[in-house]
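Asker: Below are the chains, spelled out letter by letter.
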Amino acid sequence: MTAYEWLDLLSHFAMLSVLAVGGALSIVPEMHRYLVNEHFLMSETLFSQSLTLSQIAPGPNILLVAVMGWNIGTQHAASIAQGVPVVLVGLFTAGLLLLCTVIPSSLLTFTMSTWLQKHQHALGVRAFKTGMLPLVTGLMLSTGWLLESASNPIMDWRLMVMCGISTLLVLFTRIHLLWLMLVGALAAGVFGL
Amino acid sequence: MINASHRPKSLWELFLSFTLLGLQGFGGVLTVVQRELVDKRQWLSLATFAEEWALAQTLPGPNVVNLSVMLGNRFFGPWGSVVAASGLLLAPGLLMLLVVYVFQSLSSFAFVQHALHGMGVTAAGMVVAAGCRFFPLLRRHVLGWPMAFALAGLSAFLAAVWHWPLLQVISSVGLLSCVACGWRLYQGSPA
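Taken in sequence, the protein lines are chains P and U.
Each residue of the first sequence is one higher than the one before, counting from 1 in this note's numbering.
Each residue of the second sequence is one higher than the one before, counting from 194 in this note's numbering.
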């Protein structure tokens, strides 16, 4: 990866930071478009793996960006810093990408939250909130769709059914998400899905 | 205004509390935040928490990070924000990379590959469910439910099938939707 490519990557994620209406899951389709389809920085498999793993470990969803940074760094370690252990390069790129994605929105929050609290009933603020709601819903659904199709490229119906069951269980029961993940992993592992 | 009787005594306590929050949050930190900060530590009243949370969701960016920035600032100013957000991200981030590292070292095993597929579709189901949680809000949306669902479907389609850049989706569908909502809200409000 060239220095220019890095600059483009970091500035793109900094921009995504302030576009993340509704939170981290809203920008997943865009990350996929940028990293997999447009710049070939990681494969479809690696992307879905990153997204999946970021869901099984605890922590805010945005940590998925650190996993992406880790994968980009470890894959391109030789072109970033020769002679440095791959793990260190991965840690560095993970932190760098995460910081670029977190700082702009945090600065915005820091400077805007007091103002917004005062003007939360202003027409513009209410219009933004209600207006973005359909968009956020749509983006979340497309993130789910993306993750399903990336984890199940051959469209195995059994995996599709598992996805549906998982949706229903989360919506209508209070089952802990970790149990759900564990059952999903074991079922697919044992049956070789 | 903090009417709850407690507050973090030091930046270190703030850091540790947010580290704990991050480490407990599986698939969404909201419930953990409420239980820890409101019920257990009593740094905030429930009403204040609800207000701050609504605000953190309105602003773009990761919601829980936004919340940590606001709460940190409330107690210790700018340094509080930095410390709270770092607490939330540092230890959970390292733990997550450890998980990734272990999985990638084991990925040559067929069982692990299949298990990852299973977890992938399970996680996909969780994300879809998170999206579906907004359906009740869309059903009584100010634009009317058919329009609200149509806009949601349109943005899902543009992002997932047509691979439109997010900036374009927001500046077309998002902007239109906001303007329409603004107009409806303006009409609906007593003159």
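Just so you know, the hints here were simulated from the structure itself, not pulled from any lab data.
Every residue gets a Cβ at the ideal spot worked out from N, C-alpha and C, and that includes glycine.
Any given hint could turn out to be false.
Stated by the list, open to error - Residues from chain U shown here face chain P by an in silico Cβ test under 8 Å; the list is partial:
| # | residue |
| --- | --- |
| 1 | Leu239 |
| 2 | Ala243 |
| 3 | Met289 |
| 4 | Ala322 |
| 5 | Pro329 |
| 6 | Ala353 |
| 7 | Ser370 |
To be verified - Using C-beta positions, here's what the derived DEER-type ranges look like:
| # | chain 1 | residue 1 | chain 2 | residue 2 | range |
| --- | --- | --- | --- | --- | --- |
| 8 | P | Glu5 | U | Ser300 | 19 to 27 Å |
| 9 | P | Thr45 | U | Ser238 | 21 to 29 Å |
| 10 | P | Lys118 | U | Pro329 | 26 to 34 Å |
| 11 | U | Leu378 | P | His76 | 46 to 54 Å |
| 12 | P | Asp156 | U | Leu378 | 43 to 51 Å |
| 13 | U | Ala343 | P | Ile154 | 27 to 35 Å |
| 14 | P | Leu123 | U | Glu206 | 36 to 44 Å |
| 15 | P | Leu107 | U | Trp205 | 45 to 53 Å |
| 16 | P | Met160 | U | Gln235 | 25 to 33 Å |
| 17 | P | Phe40 | U | Gly381 | 43 to 51 Å |
| 18 | P | Met1 | U | Val305 | 45 to 53 Å |
| 19 | U | Leu378 | P | Met160 | 33 to 41 Å |
| 20 | U | Gln217 | P | Gln117 | 21 to 29 Å |
Asker: Provide an ascending list of the numbers of those earlier hints which the structure does not satisfy.
Answerer: 1, 2, 5, 9, 15, 16 and 18
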